[in-house]
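**Q** Spelled out from the first residue to the last, the chains are:
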Amino acid sequence: MADFKLIGKDFAPPDLEAKITGRARYAEDFRAEGMLFAKLLVSPMPHCRVVRIDASAALAMPGVEAILTADDLPEGRDAPGDERALTNEPLYEGEPILAVAAVDETTAADAIDKIRVELEPLPFVIDPLESLRPGGPDARIDGNTAVRDEDRRTVLQSVKWPEDVFDAAGEDGFPMGEPADEWTIGDIDAGFAEADVIIDESVFHQSQTHHPLEPRSCMAYWQNGKLYAYVSTQSVARTVSSLAGGVGIDPSDVVLISEFCGGGFGSKISGSVNMPIPALLSRKTGRPVMLRVTRAEENYYGRARPGFQARIKLGMRADGRVTAIDMFIVQDNGPYGLQGDHSTAGNMVHLIFQPANMRWRGITVFTNTPPRGAQRGPGGVQAVAMITPLADRACRQLGIDRVEMLRANLPGHDAVMGPRLTQLSSCFVREALELGVERFDWASKNMLSRQRTGTKVTGIGIAASPYTAGSFEYDGLAVLTPEGRLRIHQGIGNLGTHSIADTARPAAEPIDMPWERCDIVWGDTSKHLPWSSSQAGSQTTHAHTRANYAAGLDLKRKLQEIAARDLGGAPENYEVAAGRVFNVSDRSRYMTLPRAAARAIELGGKYDGHELPEDLNEMTVASATALAGQGLMGVAKDNFDRGGPLQSWVIGFARVEVDVETGMVDIVEYLAATDCGTVLNPRSLGAQLHGGSIQGFGVARSQKWVYDPQWGVPFTKGFHTAKPPTILDVPLEMDWVAADLPDPYNPVGCKGIGEPPMGAGAGAIVSAIEDALGGDVAFNRTPITTDMILAALERRPQPYRGLTAHV
Amino acid sequence: MSNVEIITATHRAVSRRSFIKGVVASGAAASSAGYLFRGAATAFAQTGAQGAVERLVSLNVNGQARRVDVLPQDTLAMVLRYKVGLTGTKFGCDRAECGACTVLIDGVPHYSCSILAHSVRGREVTTIEGLASPSGQLHPVQQAVMDEAGFQCAFCAPGFIMAMVGFLNTNNNPTRRQAAEGISGNLCRCCDYNKILNSCMRAADYVREGIPTEVS
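Here the protein sequences line up with chains A and B, keeping their order.
This note's numbering applies: residue 1 is where the first sequence begins, and numbers increase by one.
This note's numbering applies: residue 808 is where the second sequence begins, and numbers increase by one.
Hints are supplied without guarantee of correctness; some may be wrong.
Unchecked claim - Going by beta-carbon spacing under 8 angstroms, a handful of chain A positions derived as facing chain B:
| # | residue |
| --- | --- |
| 1 | Y26 |
| 2 | L213 |
| 3 | C261 |
| 4 | T294 |
| 5 | P514 |
| 6 | A687 |
| 7 | G718 |
| 8 | F719 |
| 9 | H720 |
| 10 | T726 |
| 11 | I727 |
| 12 | L732 |
| 13 | E733 |
| 14 | M734 |
Since the hints were derived computationally from the structure, they do not count as laboratory data.
Please read these numbers as outputs of a predicted model, since none were measured by experiment.
Glycine residues also receive a C-beta, built at the ideal position from the N, C-alpha and C atoms.
When you get a sec, could you build the whole thing from the sequences and use the hints?
**A** The structure is reproduced here in structure tokens:
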């Protein structure tokens, strides 16, 4: 591994000062001359058909400029029934039906009030199991689930399970009818026969709204035939085509601006479904249009994690080795798309425990609740939160230490994952576990388990959480200018992880460019950005350290060639350091980097971007072509060797105090131990580990998703009711430790880390709360609410279905 | 002692009840859409709809007198963002749940989404844009955040920083728990609370002892 000057060091990201002085502009902070405001009319019921819209009174109001309905949307590439910005058949309460643009927001809202919409109520369903019952309602007219055809298009089906499936399950049991998908490894019957203890439980994991702090507001206008769109998105390069598709224009006619994004967590991967609304209203009116999104609207169409209802059976040998796992997951899909969380959950459980025998079965079912999407560790969080307490219970029954159990199961360097037993690129979770055990002082802390001081009982929890951590073959683009600065162009989004800066640094390493002389260009597609990964699934750190390191190596190669050409000798006789490219055997033969950049422009061709590698993406080609002649260009596709799929890990260690009189839980200590390859930026890594873990605390304890089963309407539309964690819900100090072992296939060793902390946080807290309450309490539902803890203390039965009242 | 100041200042401020009464009186509360922006004669907004009652008031924002057309139902946050052009103050929830719109009024943190603009006439409003000196010298709290690389997406940062400044005005030598309680009216969805608390503790040092000359 090379000796890095920037990688592995703390630094303040260059956009931080703008963020803390109020200069950073998020989508709603942009203004344009003559800007109108849009408001939406959203569905007041969970499923209905729009029969008639009478907007005459609204349109007659002074100041009302335009209305946009689903009929005004362009023919998209979507299959019929796919989600669009507006609809004539709302499938959940809050789905946008139409939009109005007016001179100000109050006028737009008054106009919305004056529109008469006739709606025909249709059957709806909130609980997937209700939809699977004989005669149960389908969330969509054409069905309650779907498969993909050969063209990857969604084909709807109506699936009902026979009555006897439900009868066999009983009132509180979990019905297991025909799954839509399944896989098996080994022989599960033989595996369970080998087990010394079998845990077999029905488990509920609720859906959960993302609730990024910045609502997905957007502003748009048209200029010289091009759409200028100011949006909130996690990705930049990868949002252009989704917006263009929604507006019905060519991606080359979009200028997308997203300099800052106020959080997404998977809900803004390629922008949002509402982005075309201001764009189309602007085209109608000829004026800029701002759509401010409210918190309640954010709850409606801002995405949510799919909930699971599951039956999980786990067999464990006396030495802690898991011999067999059998999972059946019914997934709450929301009304659109086909979510894969339930399938991923099977892979994650397999990866954690490496059982020789495992069966996974699942079905995803439409409901008339907000659309689901990827949420940080999609499928992984649910998997870890659900299986961790089951494995803990097996340990309690067998009398073995949970760390010993993890040691007996967690994969080594030869880790395999899922039904095809796919070999990973790297796996150092065992190293991370041992570091964590030592740092947390597991042996001593575990002695505190169930000790009572006053009304408080201590619980100790631990959970292992893997998730995907990389992708390949994106492009790096950087220009060394004759002024001696390195401009690193980033097509990735600035979603808050600091990866916009962290992943730029590998471009500077090969030419020893001081960070003070580097500038990052980002957030505006008119500034010529390279083709990039989506900022999702923790791909970015891995994909773009590779891509930008490739661009950095390209810069170095070209510097060596230019120096050899002008100063004699072979390119490999030259090295780059301290602002010079110099001959290694005669350091007096050198060229400064600014001089070499000027020479690159004189030489032209590949040196200044007039000739480009043939394997670049067309977006990178367009951007590099526009930048040609400005300096020495480093541009390359990531063609580094690749291993198997990337997975990073977090082991969460938690100590909680449960008040046995009030049922309140204090999380008093938390440590995240990680394997994420080489540490790229320690402080940002700590932020990801802690922030993600705390979001997991919300899964375990506080954050709520509550629907009225009778009317199909949500109770938890705002922060006060949804209850994401606050600064008082977390330990006063949190700790982390990293294995810091390089992934062998990444030239700088890094893997992504955004996803896995959330499952670790959720699992460790669930584990700790159960531990505090002793051996015979089983919580099979998250969040573990205070009333559940009090019920457990009073030996009353535990619920395992979702919340139907806001407790 | 420090709490007394807060209580007094809060008492002077508009209570939530009188805020709602004010909105109702202005006739704007019937709308489904709650906290809205009514345009006025500013650079970016359009002429208001017919019948809009407007009046010119003088607001003291970041030490400057600003003459603004303010409608009776205009919130301070809306006026700051859309009439004064200070977009550092953010909307996260529109209804006093998240604190992203926190500003100082006479040195005390308030949710500006829930304060009527006309009620702050004659009082000193400080927003995130008003913290650094005109020459660009960061406020000690901002410098502390820089030195801790606090915040991730930072949409909550302006509100949190204003809350920190207000809290440290009342207690510049807090324990970590006091600091957490002091800024607990603000929400960070990235949950970067550990670094936010590190920043607040460092900020207390800088407020008390000055910003070290040799800052990394």
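**Q** Which hints, by number, does the structure contradict?
**A** 5
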